[in-house]
Amino acid sequence: MQKIRLKRKQREWLNGYLFIGLWLIGLLVFTIFPLMQAIFYSFNHATFYAGDIKLEWIWFDNFRYAFFEDTIFPVILVNYLSEIIIDVPFAITAALLLAMLLNQKIKLRSFWRVIFFLPVVISTGPVISELMGQGATSIPMLANSSFVRFMNEYLPTFIARPVSLLFEKLIIVLWFSGIQILIFLAGLQRLDKAIYEAAAIDGASPWQTFWKITLPGIKPFILLNVVYTIVSLSFFDMPTNPGEYTILSYIRAQSFEMGRRGYGYGCALGIIYLLLIFLQIGIYFLFLKERKSRR
Amino acid sequence: MQNLSKSLTKAKHQIKKVLFGMNYYKGLIFKIVVYALLIIFGFLYIYPLLFMLVTSLKGPEDLVDTSIKWIPRELVFANFTTAIQELSYWKALFKSVIVALVPSVINTVVGALCAYGFSRFRFPGKKILFAIMLVTFIIPKQLINIPQYTWYYRLDIVGSLFTYILPATFGQGLYSTIYILVLYSMFNLIPIQLEESAKMDGASTLTIFVKVALPLIIPGIITVFLFSFVWYWNDAATAALYLAQPGKDYWATLPVMLERYQNTIFSITHGGVGAVLYQGIRMAGTLLSILPLLIIYFSLQRYFVESVERTGIAGE
Numbered sequence: 001m002q003k004i005r006l007k008r009k010q011r012e013w014l015n016g017y018l019f020i021g022l023w024l025i026g027l028l029v030f031t032i033f034p035l036m037q038a039i040f041y042s043f044n045h046a047t048f049y050a051g052d053i054k055l056e057w058i059w060f061d062n063f064r065y066a067f068f069e070d071t072i073f074p075v076i077l078v079n080y081l082s083e084i085i086i087d088v089p090f091a092i093t094a095a096l097l098l099a100m101l102l103n104q105k106i107k108l109r110s111f112w113r114v115i116f117f118l119p120v121v122i123s124t125g126p127v128i129s130e131l132m133g134q135g136a137t138s139i140p141m142l143a144n145s146s147f148v149r150f151m152n153e154y155l156p157t158f159i160a161r162p163v164s165l166l167f168e169k170l171i172i173v174l175w176f177s178g179i180q181i182l183i184f185l186a187g188l189q190r191l192d193k194a195i196y197e198a199a200a201i202d203g204a205s206p207w208q209t210f211w212k213i214t215l216p217g218i219k220p221f222i223l224l225n226v227v228y229t230i231v232s233l234s235f236f237d238m239p240t241n242p243g244e245y246t247i248l249s250y251i252r253a254q255s256f257e258m259g260r261r262g263y264g265y266g267c268a269l270g271i272i273y274l275l276l277i278f279l280q281i282g283i284y285f286l287f288l289k290e291r292k293s294r295r
Numbered sequence: 001m002q003n004l005s006k007s008l009t010k011a012k013h014q015i016k017k018v019l020f021g022m023n024y025y026k027g028l029i030f031k032i033v034v035y036a037l038l039i040i041f042g043f044l045y046i047y048p049l050l051f052m053l054v055t056s057l058k059g060p061e062d063l064v065d066t067s068i069k070w071i072p073r074e075l076v077f078a079n080f081t082t083a084i085q086e087l088s089y090w091k092a093l094f095k096s097v098i099v100a101l102v103p104s105v106i107n108t109v110v111g112a113l114c115a116y117g118f119s120r121f122r123f124p125g126k127k128i129l130f131a132i133m134l135v136t137f138i139i140p141k142q143l144i145n146i147p148q149y150t151w152y153y154r155l156d157i158v159g160s161l162f163t164y165i166l167p168a169t170f171g172q173g174l175y176s177t178i179y180i181l182v183l184y185s186m187f188n189l190i191p192i193q194l195e196e197s198a199k200m201d202g203a204s205t206l207t208i209f210v211k212v213a214l215p216l217i218i219p220g221i222i223t224v225f226l227f228s229f230v231w232y233w234n235d236a237a238t239a240a241l242y243l244a245q246p247g248k249d250y251w252a253t254l255p256v257m258l259e260r261y262q263n264t265i266f267s268i269t270h271g272g273v274g275a276v277l278y279q280g281i282r283m284a285g286t287l288l289s290i291l292p293l294l295i296i297y298f299s300l301q302r303y304f305v306e307s308v309e310r311t312g313i314a315g316e
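Chains as they are written, first to last, in this note's numbering: chain A, 1 to 295; chain B, 1 to 316.
It cannot be assumed that every hint is accurate.
[To be verified] Output of the computed footprint for chain B on chain A, the stretches with three or more beta carbons under 8 Å from beta carbons of chain B:
| # | region |
| --- | --- |
| 1 | 78–92 |
| 2 | 120–128 |
[Unchecked claim] In the DSS-like style, the derived pairs of lysine-lysine whose C-alpha atoms are separated by at most 25 Å in a straight line are:
| # | chain 1 | residue 1 | chain 2 | residue 2 |
| --- | --- | --- | --- | --- |
| 3 | B | 248 | B | 91 |
| 4 | B | 141 | A | 54 |
| 5 | A | 105 | B | 248 |
Don't read these hints as lab results, they were simulated from the structure. Predicted model only: the values in this text are computed from it and were never measured. Beta carbons are placed, not taken as given, at the ideal position from N, Cα and C, and that holds for glycine.
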C-alpha cells in the first residue's frame, strides 16, 4: 500500500514538472541566466563588437560613474521618481473612482466599460508620442490654468515640475488605469451587498460607507493595483523629444549606440532601475500592510 | 389654509425624496453626479481619439488655421492615401499580423500548459517556483534584452521572427506571467471531479488536459490570446530592437514604420513651423496603425472587458 502511494505521488511530481517544464527551462535560460549575465556585465567595462564581447573587470565603477560623473542619469532618475510618486496615487484614485461609478446601477454599463478600457488596447509608444506631440493628451484649460502658472512661479521646481507634467499628460496617466479599473470592479463586486443595505438603513452616508466599508474591503486589490501601476508605468517607453531621455531610452542608448560606455554601463543602469522598482513596491507593501494589521 | 400648508410640506417631502432618495443612492442628485462624472471622464478618455480622427480629416488650410478646432471646413481623405503610401501600409499590416500572431499562439499554448501544471499537481518546490514567477514580472525586459541581444546576434537571428518565438516557446514571452496567472486561476475555478472521472476511465494526463480541462476554459484562452496579440502588436520598442535593425528589418511592424515616419518628418522640419502641415498625415497614419486593434476590440470587446471579472484573477 505504502509503495503504491509513493509511486502515485512520484508520478504526480513528474506530471507537474512535465507541464511546467517548458516554462521552467525558459525561466532558467531566458530570464535567470541573462539576469546573472547582466549583473556580471554591470561590473565590467563591456563592449560588443562583431559578435565578440570584450570584458574588463572594473568593480563598481559603472555605478560610481552613474551617480557622480554622468551628467544626464541623475537628472532623469530624479525626474522619474518625482513623477511616479505623484502618478501612481493619481492613477489608483482615478481607477477606484471610475470602478465605483461603474459599479452603480447605471444605464449602458458595458458601453462605459468599453470606453474606459479602450486605451489598454491602443496605447503604444508611437501612438502616445504622436498624441503628446500634438498636445492631444492634456486638457488645454487645465494645463494652462492659473493654478499651474501660480504653482510654477511660487513652488520649488521639484514639486511644480511633476505636478504640471501630470496635467500635461493627464490623459496618458488615466489611460494607464484601464486594467486597474477592472480589477477594482471585480473587487467591488465581491463585497457583500447586504452590508451596504444595512449601512443605508442605519443612515450611513455614501461618504461614511466608502471609508468604513468599501475601502477596507478592497484593500488587497489596492496593493495589487499599485504593483501593476508601478510596473506598467515604469516599463512603458514614454516617448520624449529628441535629445531628451527617460531611464529606459537612456539605458538603450548607452547599451546599443556606438561610442557610449557600452553594455556594462547599460546593465548597471538597468539594475539600479530594477532596485528602484523593488524599493517602491516594498514601501507601498509595508505601508498598505501595516495599516491592515492595526485595524 | 391648513390644508395648503399640509400639501406644501407633503410636496416638499416628495421633492426631497426625488432629489436625495430614501438612502442617497436612489436620489436624483446622486444619479446626476454619477452620470456627470462618467461623461467627464469618458470624454477625457476618448478626447485623444477624437482629436486624432478630426485632425486626420483636415486639409492644409484647416491645419494652419488655429480658429478651426473640431469641425474641418471640408473633409480631406488625402491624408489617409498619403499615410498608406508612406507607411507601406498593406505590407506592414501583414507583417504586423504575423509578428503578433505567431508568438501569441505559442504564448497561449505554453501558458496553458504551465498554468495547468501549477493548478493541478503537487510537486516539491512548487510554491517557490510560483513565487519566482511572480517576481519575474517586476524585472524590466529592457535589462534582460541586453545580454539576449548579444546571443541573438551571435546566433544570427536578429531581424528574424525567432527572436520572438524562442522566448515565447519557453514561457518567457511578452507578459507571459500575466497569462499564466490568468489561466492558473481559471483552472482553479473549474471543478476537479470531471478530470478525476476521466482518470478513472483510464485517460492519460495529457488527454485529460486537452479533452477535459482546456475546453472548459476556452473563454479564458481566447482572452489571453487576444491580449497577447494586442500587446505584441503594440510593442514597438522590442520590435525596433530585434526586428528592425538597419539591414535586418524585413519584419518592421506598423508601429515601427510609424516611428520611422515621425523621425523622417522631424529631420525634414526640425520641429519648425512646417511640421504643422504634416499633422494630418501623421494622425491618419496613427489611426491606421491602431485601426485593426480597434476593430478587434469593438467586435470582441466582451473577451477583453469581462475577462478580469470572470477569471477571478483579482482574488489571487
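Cross-check of the supplied hints:
Counting residues of the region 78–92 of chain A whose CB lies closer than 8 Å to any CB of chain B gives 0, which falls below the minimum of 3, so the coverage claim is violated. A stretch counts as covered by a chain when three or more of its residues have a beta carbon under 8 Å from one of that chain; for the region 120–128 of chain A and chain B the count is 8, and the coverage holds. Distance check on the hinted pair: residue 248(B) and residue 91(B) sit about 16 Å apart at the alpha-carbon level, within 25 Å; holds. With a CA separation close to 23 Å, the supplied pair residue 141(B) and residue 54(A) stays within the 25 Å bound.
Of the pairs offered as hints, the one joining residue 105(A) and residue 248(B) is violated, with about 54 Å between alpha carbons and a cut-off of 25 Å exceeded.
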